[in-house]
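Residue strings, one per chain:
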Amino acid sequence: MSTSTEISAPAGREPTAEVPPPAARPRPGRRTDRVAYLFLLPWFTGLLLLTAAPLLGSLYLSFTKFNLLQSPRWNGFGNYVKMFTDDPRYLQSLKVTFIYVALTVPLQLGFALAVAVMLNRPMRGMALYRSIYYIPSLLGGSVAIAVIWGQLFDDDGVLNAFLAFFGVGGRSWISNPDTALYTLVLLNIWQFGSPMVIFLAGLKQIPQELYDAASVDGANAWRRFWSVTVPLLTPIIFFNVVLQIIQAFQALTPAYVVSGGSGGPSDSTLFYTLYLYQQGFANLNMGYASAMAWVLLLIIAIFTLINFGLARRWVYYEDR
Amino acid sequence: MTTLQHAPAARRRTRRWLTHLALIAGTLIMVYPLLWMVGGSFKDESDIFSQLNPFPSSLDPRSYIAGWTATDPTFTRFYINSMLIAVLAVAGNVIACTLTAYAFARLEFRGKKVFFAIMLGSIMLPAHALLIPQYVLFFHLGWVNTYLPLVVPKFLATDAFFIFLMVQFIRTIPRTLDEAAMIDGCGKVRIFSRIILPLTGPVLITTMIFTFIWTYNDFFSQLIYLSYPSSETVPVALRRFVDATGNSSYGQLLAMSVLSLVPTFIVFLLAQRRIVEGIATTGLKG
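So the sequence lines, in the order shown, correspond to chains V and E. The numbering of the first sequence is the numbering used here, which starts it at 1 and goes up by one. The numbering of the second sequence is the numbering used here, which starts it at 1001 and goes up by one.
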């Protein structure tokens, strides 16, 4: 459970005694518990039928034309070629999704870290603040919140009532293609609670002595944040970045609900997964949708690999 | 506190007040959409949008009563459907994931390392890559428009994340307990049911909480697999309610939105500490 959120003891502090290696347990050779296969039976079945076969199945379907009712027809790389050369809506969905990921991931994590740092001090009401800031993250993925969001930013919504208070003329932020996507970005930032909770757990692991030592050396709060907090928190920042990018690429519910499933206005909220849903389940272009799914899989895999590759340059592990 | 106190007391007090002030301002912004929704559900139709003040003048339950029965079937049906699916999913995850986790944590078998790596890898796999062939499979089994596609996978331990969580937990249970039971003549099955299972309480509860919340809110799968009104769940019905009511009855829409959040909220109130701990230690998405 302490895979990535654990920060080891501060460097420079000599261990008082060598920790003895765990007592060697008598290992009865290479034995096999036959009964293990019984325990694993449900998981094996699921792995085979619901994970491995579908993964290969969608790879196969991605090279075909398939509408569910007739058997798939081989189409070579046709789907992939069409995506990038002959489908402006696909390119639009890529663009929308990349903008969404590029904006929400840093902003949401920035807010999460800033609030976590504010909450990480002995203070009255800290637990209450934490709960309140966390709640949107728990409820935010629901249809209800997406419905409310649509109302808040509509032309007679609360934001405009608020702006009118200052004499600023509003408009519908939801039905304007220039702003619709940003209302959804805002919705995701509003749900910074769960990365915040992860940051808080990490902050609590940073030993107070390091802050004290920094203070003695004359570092002010700002300097202590950048020179003590951030370096020691990089493993957790990294963990959150990886997780949030994977999730943001797959966002669907808010766009679906706010746009009524269309990705409108003018395809400005046509998220990748929403377009995949439209192609696969509304138009029954299941071969094409499978190809889209595989490209998404590759995009996410590439981003994750890049993240792990870059991690060596900026993520700091004390025990290395 | 062992902090070195450089700043004079007065300055520190000012800073503490500023922190509280900022946090309270933040709280208001965070909570306003929720308050607005709850307040609006009690207001007159004409007041919902014209007032910035989220608090209603009276607690008028009209929108709730009208909204609950505005659809055919009523929301009673949708709640029964949602709860049924969520409870079955919880049962499936608990049973299948504990069995699998016990095997990975305590038993020896061929290819264990490889399978463990596959299991970890499957956590990261985006669901969309499996979506269409799974749909084709369930379609040919005649399961579309039943709850089976939403429930059966849980009994086959497809939520690998919980397996991982449980493996990590079971590894912390001292092996001496297993060995003592073995000396007393217990086999692997009995060690599982008598020793390990009773000790996995905390991680089982975490699994139950998150399976419930995720399944209840899993709009996308429910949207794909359930298209008869009588089989719809709360999120899907709420989505359709938006279209059906159009621009006419925002009060009802808000009332039903509020109610749809109640199950998640109750779980949060009951299990707040465990949810926060679960996220903090494992990065579960909330």
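In case anyone wonders, no lab produced these hints; they're calculated from the structure. Even glycine gets a Cβ: it sits at the ideal position worked out from N, Cα and C. Misleading hints may appear alongside valid ones.
[Said to hold, decoys possible] Covered by chain V, according to a simulated footprint, are these stretches of chain E (three or more residues, beta-carbon under 8 Å):
id, segment
1, 1117 to 1130
2, 1138 to 1148
3, 1259 to 1266
Status of each hint after checking the structure:
1. With 10 residues having a beta carbon nearer than 8 Å to a beta carbon of chain V, the segment 1117 to 1130 of chain E meets the requirement of three or more and the stated coverage holds.
2. By the rule of at least three residues with a Cβ nearer than 8 Å to a Cβ of chain V, the coverage given for the segment 1138 to 1148 of chain E is violated, with 1 such residues.
3. With 4 residues having a beta carbon nearer than 8 Å to a beta carbon of chain V, the segment 1259 to 1266 of chain E meets the requirement of three or more and the stated coverage holds.
Violated hint for the displayed structure: number 2, the only one.
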